[in-house]
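K.L.:
Quick one: dock chain against chain with the hints and give me the complex.
Now for the letters of each chain:
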Amino acid sequence: MAKRALGINPSTLIGWLSVALVLVLTLGTLLAVFGRAEGASSIGPSDWVAVRFTLLQAGLSAAISVILAVPLARALARRRFMGRGLLIALMGAPFILPVIVAVLGLLAVFGRNGIASTVLVWAGFDPISIYGLGGVLLAHVFFNLPLATRLILQGWLAIPAERFRLAAELGFSCRAVARHLERPMLRAVLPGAFMVVFLICMTSFAVVLVLGGGPRATTVELAIYQAFRFDFDLSKAAQLAGIQFTLGALATVVALRVSAPMSAGSGLDRVVMRWDSSAIWLRVQDSIIMLAAALFLLAPLAAILVAGTGQVFRLPPQVWLSAERSLLVAMAAMTLTVLFSLTMALNVVRLRHRRRLSMTIEAIGYLTLAASPLVIGTGLFILLFPIANPVALALPVTAIVNAVMSLPFALRILKPAIMEVEQTYGSLADSLGLRGTARLRLLILPRIRGPLGFAAGLAAALSMGDLGVIALFAGPDQATLPMQLYRLMSAYRMAEAAGAALLLLILSFALFWMFDKGGRMNADT
Amino acid sequence: MKISIFAAGMSVVASMATAQTPVLTVYTYDSFVSDWGPGPAVEKAFEATCDCDLQFVGTGDGAALLARLRLEGPRGPADIALGLDTNQTAAAAETGLFAPLSQPRPALDLPVDWNDPLFQPFDWGYFAFVYDRTKLTNPPANFRELADSNLKIIIEDPRSSTPGLGLLLWVKKAYGDDASSIWSGLADNIVTVTKGWSEAYGLFLEGEADMVLSYSTSPAYHLIAEQDDSKAAARFDEGHYMQIEVAGKLASSDVPELADQFLAFMASDAFQNLIPTTNWMYPAKLPADGLPDGFSTLIKPETALIYSPEQAAAIRNKALSEWQNALSE
Numbered sequence: 067m068a069k070r071a072l073g074i075n076p077s078t079l080i081g082w083l084s085v086a087l088v089l090v091l092t093l094g095t096l097l098a099v100f101g102r103a104e105g106a107s108s109i110g111p112s113d114w115v116a117v118r119f120t121l122l123q124a125g126l127s128a129a130i131s132v133i134l135a136v137p138l139a140r141a142l143a144r145r146r147f148m149g150r151g152l153l154i155a156l157m158g159a160p161f162i163l164p165v166i167v168a169v170l171g172l173l174a175v176f177g178r179n180g181i182a183s184t185v186l187v188w189a190g191f192d193p194i195s196i197y198g199l200g201g202v203l204l205a206h207v208f209f210n211l212p213l214a215t216r217l218i219l220q221g222w223l224a225i226p227a228e229r230f231r232l233a234a235e236l237g238f239s240c241r242a243v244a245r246h247l248e249r250p251m252l253r254a255v256l257p258g259a260f261m262v263v264f265l266i267c268m269t270s271f272a273v274v275l276v277l278g279g280g281p282r283a284t285t286v287e288l289a290i291y292q293a294f295r296f297d298f299d300l301s302k303a304a305q306l307a308g309i310q311f312t313l314g315a316l317a318t319v320v321a322l323r324v325s326a327p328m329s330a331g332s333g334l335d336r337v338v339m340r341w342d343s344s345a346i347w348l349r350v351q352d353s354i355i356m357l358a359a360a361l362f363l364l365a366p367l368a369a370i371l372v373a374g375t376g377q378v379f380r381l382p383p384q385v386w387l388s389a390e391r392s393l394l395v396a397m398a399a400m401t402l403t404v405l406f407s408l409t410m411a412l413n414v415v416r417l418r419h420r421r422r423l424s425m426t427i428e429a430i431g432y433l434t435l436a437a438s439p440l441v442i443g444t445g446l447f448i449l450l451f452p453i454a455n456p457v458a459l460a461l462p463v464t465a466i467v468n469a470v471m472s473l474p475f476a477l478r479i480l481k482p483a484i485m486e487v488e489q490t491y492g493s494l495a496d497s498l499g500l501r502g503t504a505r506l507r508l509l510i511l512p513r514i515r516g517p518l519g520f521a522a523g524l525a526a527a528l529s530m531g532d533l534g535v536i537a538l539f540a541g542p543d544q545a546t547l548p549m550q551l552y553r554l555m556s557a558y559r560m561a562e563a564a565g566a567a568l569l570l571l572i573l574s575f576a577l578f579w580m581f582d583k584g585g586r587m588n589a590d591t
Numbered sequence: 143m144k145i146s147i148f149a150a151g152m153s154v155v156a157s158m159a160t161a162q163t164p165v166l167t168v169y170t171y172d173s174f175v176s177d178w179g180p181g182p183a184v185e186k187a188f189e190a191t192c193d194c195d196l197q198f199v200g201t202g203d204g205a206a207l208l209a210r211l212r213l214e215g216p217r218g219p220a221d222i223a224l225g226l227d228t229n230q231t232a233a234a235a236e237t238g239l240f241a242p243l244s245q246p247r248p249a250l251d252l253p254v255d256w257n258d259p260l261f262q263p264f265d266w267g268y269f270a271f272v273y274d275r276t277k278l279t280n281p282p283a284n285f286r287e288l289a290d291s292n293l294k295i296i297i298e299d300p301r302s303s304t305p306g307l308g309l310l311l312w313v314k315k316a317y318g319d320d321a322s323s324i325w326s327g328l329a330d331n332i333v334t335v336t337k338g339w340s341e342a343y344g345l346f347l348e349g350e351a352d353m354v355l356s357y358s359t360s361p362a363y364h365l366i367a368e369q370d371d372s373k374a375a376a377r378f379d380e381g382h383y384m385q386i387e388v389a390g391k392l393a394s395s396d397v398p399e400l401a402d403q404f405l406a407f408m409a410s411d412a413f414q415n416l417i418p419t420t421n422w423m424y425p426a427k428l429p430a431d432g433l434p435d436g437f438s439t440l441i442k443p444e445t446a447l448i449y450s451p452e453q454a455a456a457i458r459n460k461a462l463s464e465w466q467n468a469l470s471e
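Here the protein sequences come in this chain order: A and B. The first sequence begins at 67 in my numbering and counts up by one. The second sequence begins at 143 in my numbering and counts up by one.
The shape of chain B in the complex, shown without the other chains (with noise of 0.2 Å):
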């Protein structure tokens, strides 16, 4: 107790020595800021440009990410949010905490189209089936063929995860209102719901189910990090739902050049390089070097569903209620 009280005063003296040098303060998720995240080299890659402090502050998932920023409201110290993505972007945007981008915005190789003015994605990805190739070698093809296997699947809660309501709005989407009826089908495939991803892809790895719902670029993880190629995702014909990651610039912001100048390195080799292999996500613009080699064995969806930042604000409690109902029978 003493100790943390000391180490916490001293953290304060710390951050008042090196005042002189501006702070940015980036908002995140905790995933981002860990060892094993981007935000490490992402720290260090910036700090060697701008003459600045980088100060990540994880905040728990993607969605306690936005719950902080409006309790903090207009006094939070926080200069960028990110981690958020389009299914909340409606939500913070109303929240009129975010200022404009400046212009112009940098080019970025995203398979839609994108013109938000409040919020830059820096990454993206498909949500997808991942399954075992050695025990599974006839992955169903869309969701009624899954629905009328007998294989079993792990998903995530949309009330508590980002995969979980990307899955949601995934069926939705593709299923209009037949969406119903489709998880009306899955139920029985459905071996539970887990609260995160992580529990999820655990349950999965131990061998709890035969899918999970993860990211198509899971797979790349297994092959590149530890040389297992077993992992694939399942291609639908129906196209695949996209999570794209944004960050936005705080109009509360203290230093707010050196928030567009971060926001511009987001967009650059430097950090786009980083995205692969550490947050196992697509970069938002693809850097001169390419790809990292396993990424050429994904799967390539032919369609990219998604809606507008508004549309999905709009539908998702009709959604939830349709997959509570049809998963409460």
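Okay, chain A solo, but in the shape it has when bound (with noise of 0.2 Å):
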């Protein structure tokens, strides 16, 4: 029925055409780079060993992320307080940092000359070493941790009010709460979560390689860059990334079927009120685990700013300009994820009834995730230089490539929302006759606005952090912020770095701020 209802518009277009502009950007440049290999050359032990440690560290820190992100969301889901919305928004800045920028800050905490080392120290005990798997884990769980509790907490949100009255008239203690509405939820919710913050950790590698300790901490994409640039051997790249890619799509695959869908119902949108949870003791432990998580987080945020606070407003021209250059990347990318991923996931909910069809639609969607950055710029400067000057496309490329870069953590914000829209509203809307862009506009858009803001807010911070594609294609004056703050670093200009470090981190959080509060308006969410 409701696949009547929504029937064929530009936006179903534009959706199919989503699906094929990432696979041209993820397999399509994957081919592009094996047809271009001279010689087949063949995947090695050693390959292999760097696979298992991929799979390893990112199953870790996906399964440490998710674990700790559960009673962080509940604590921020069920506690109202001052702050509390600039707090979950501050906590997501470590995700849309640059890694170089993040790990500087967390080193500044947790490094050999780090507040907790010097704090150590100073009680009498050993300084604390991160490097190795710790360290790893330690930064990926920097990152992720925010994300993971940002979708786990949407979970929480999208049980109306209406059923934790219902709760307390029952009578419910939290443990039936947690038994009857929240488990229910985190079902539906954890395997999605973990799959995202396990794709983010597979194809991570700058932060493996600086925090690893050496060549023992050896990522598939490590493996893809050396094949690159110390063999220039295209086929095993290639090879390399199809494996990287195979090994995502199982993972999506998996957590795509064994997420329960979730259907809380339908609420009137009061504000959550949680009589359950009003025990003082059930206070305390959330108060101090928000308190740790917020140090966690904030702290090596707070390190970034005392190192860079001197030297913003000395930064010279080419760094504000550049800034300029990555605000518009920036805003053109986040216009293009909330094109493609509002419009597939209209595509993958219309076509729910057909469940392999919508799975496929919803996997492909995440597949830039396992993509490795350098096969795709390689890919697109393959593809591209034939027919163009790939370096006069090096803005509109990089804003394209970070959309769809974007497009997963969109596709994931916005899909249980808009099934949750559909699910609960879909009778109604078909029996009025809603249909088409007036379903989108009149029902599903005002309904999904939190969502929409969120994952547009992270798109824009995201594609404003991102070195990416840009290195590969930009002249000497395209230099967006995050290149132009390397270009600062290898002419040894560390102080001016810490200054654009500090610019790019202020303006991909208030992008993000100014996109989330928008979506979250009027609405005590």
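To be clear, the hints were calculated from the coordinates, so they are not data collected in a lab. A portion of the hints provided could be inaccurate.
What the hints assert, rightly or not - What the simulated footprint calls covered on chain A by chain B, stretch by stretch (three residues with Cβ under 8 Å from a Cβ of chain B suffice, anywhere in the stretch; the number is not a length):
hint	stretch
1	132 to 146
2	172 to 184
3	444 to 451
4	553 to 562
For glycine and all other residues, C-beta sits at the position ideal for the given N, C-alpha and C.
P.N.:
Put into structure tokens, the structure is as follows:
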């Protein structure tokens, strides 16, 4: 019924085009690289060691992030306090930072010379050494705990206030609420959150290299890098990228199959009141959890702030120009991400009764998470070079690639929200004959405003902080802010780089905050 | 988006408008073209003499430069590739993309002989471990002392970084078959291995290690640009491995004479004077004014170690697997 109601309209078409674009950018670029290879080479035993380490670190990182995110999301969901919105937004900041900035911030706290070590030495203990698997996990949790928390928090917010009201009326204890309301929700949300974090960590490379402590910590992405740069072996690079895609696809399919669809039913959008968790010890527990998480996530950001504050206003004009360039790219990427993800999510929901097809579309949407930026960039270069000057197209290409790179997150955020709307109001809308654009405008968009704002903010901020393909394409006058940051570092100008890092942090965060807040306006969620 | 496309369109129009003046396209690594590298000043100085438009194209880092040339093949727009080093020139020569340099070659001031027919050096440096003199008063004098010490070092990954590869060949050249045991000895000194020089040097400045693999000229930056004399490079008695950065002319260039003119310019004082304080390396041809003041304080290695391009290409895979095995134990 809903199938007919949404009908064939521009959004359906754009949804399909988005799928095609993702396929070109992921598998298409992979084939382009493979096609350009001279001679075939094979994957060796050391590559399988890299695969094993990749799966190990990604699995552990995702598990820890998600396990820690559950109590944190629960605390944030059932407590109201001054500055809660700001705290939630701020805690998302690590996720949108360029790797090197975040790593330096992290080391200012947990490094050999960091605050934590200084305190330990002062108290008579040995300083911390975080390099190794522990360091990799620490950094990945730092990056991904905020994202996992937000994804899970969304699940909590999707439970209508009336359910908690009814629970209170029935005299449910905290435990009973967990059993009847929260656990079914988590069952639906956790596999997806785990999958997204797993895929991010799978392709993580610079973090693993910096904090991994040496060649023991070799991931598939590093092996791809080596094949490209050390050996110029495109065939091997493409094969490794193929392995990475296969692993990513498997993880996605497993997650989509495991996650049970959730339907908490409809509500009247009342403010959620939690009578079940007003006990004092629960309040203390939640406060401790939130404080610990805030300390863990915000201390490194504070270090970046301290390092950069004196420098920001002394930054040379070129840095400001590149900041402007980055903002334009970020806005373009954000617009495209919203367009792609919204239309794809609508198609996924519309086709939900044809489960296999719907799941395939969704899985394709997550494909870029398992893609190697180096393969995408090189493949695009190979595809574009015969027909256009890739350097002249650097910024538009960057915006498109960034948009597609953020697509998985946006899709993960929007799909459940749209599904919820359709399941709750779909029949009503059908009976009212609300279809096509009107259905989107009057029913779906207003009800997914929060998630949409979150997705848009995330896409803009991620694009802002991305180094990605621009490094392969840009001419001297096309540097984006993250690129300029690296240029400063490679010219020994670490202090100015710290200023640029802070500027980047502020701009990324401002973009994120603006859209995320815009989406949550007038809604106490 | 619209604005970017518009800007891209405008730049195409702009380059058409200047089509009468010949364009020399120089591919180089990103930090060369950055506002803090030699690029902008070089462009200005050369354009003042050539009646041409010098266009730099940044291609990422040194290794990405060669990959880019290979991807583009003979149809690429590059006239000059600037910034390869001797560890890449064998592979670069093998591509057949480079044309022989015109004769006669300018005289150079390198610590080693140079007579490569395809590539002309423009700067060089020694790899060295840099440390803070105020924190480390008695630096090790060679790799064995370093391995026996408790000092913490940060190095770059040879698979992703030029200095990383330099260190690999340094140890191999100095110790030959003993390289493996040197690496095993160093394993507990290595705090971490980074993707590139910037990360390593940044971590060192943050105090994450006692020493970092960099260049013997790195202290000159701190001295000259920051008036900070606390950084120094440790002098190793095995000698120091050299990096020689070179430029070559693409056979497919549509302005070969202009390319020759630029290569000659690269050996002139106008270019070489810029190198010490923008690229923080030694100039390949000592300018008439000599080196800037701070450079006299730098270490002067007794022995300059370097493999020929062919040897480097032949040995690097073996050296890499020794490194990987020793550090993965």
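K.L.:
Each hint needs a verdict: does it hold in this structure or not?
P.N.:
A quick look at each hint next to the structure:
{"no.": "1", "hint": "132 to 146", "verdict": "violated (count 0)"}
{"no.": "2", "hint": "172 to 184", "verdict": "holds (count 5)"}
{"no.": "3", "hint": "444 to 451", "verdict": "holds (count 4)"}
{"no.": "4", "hint": "553 to 562", "verdict": "holds (count 8)"}
In this structure, only the earlier hint numbered 1 is contradicted, and the remaining ones agree with it.
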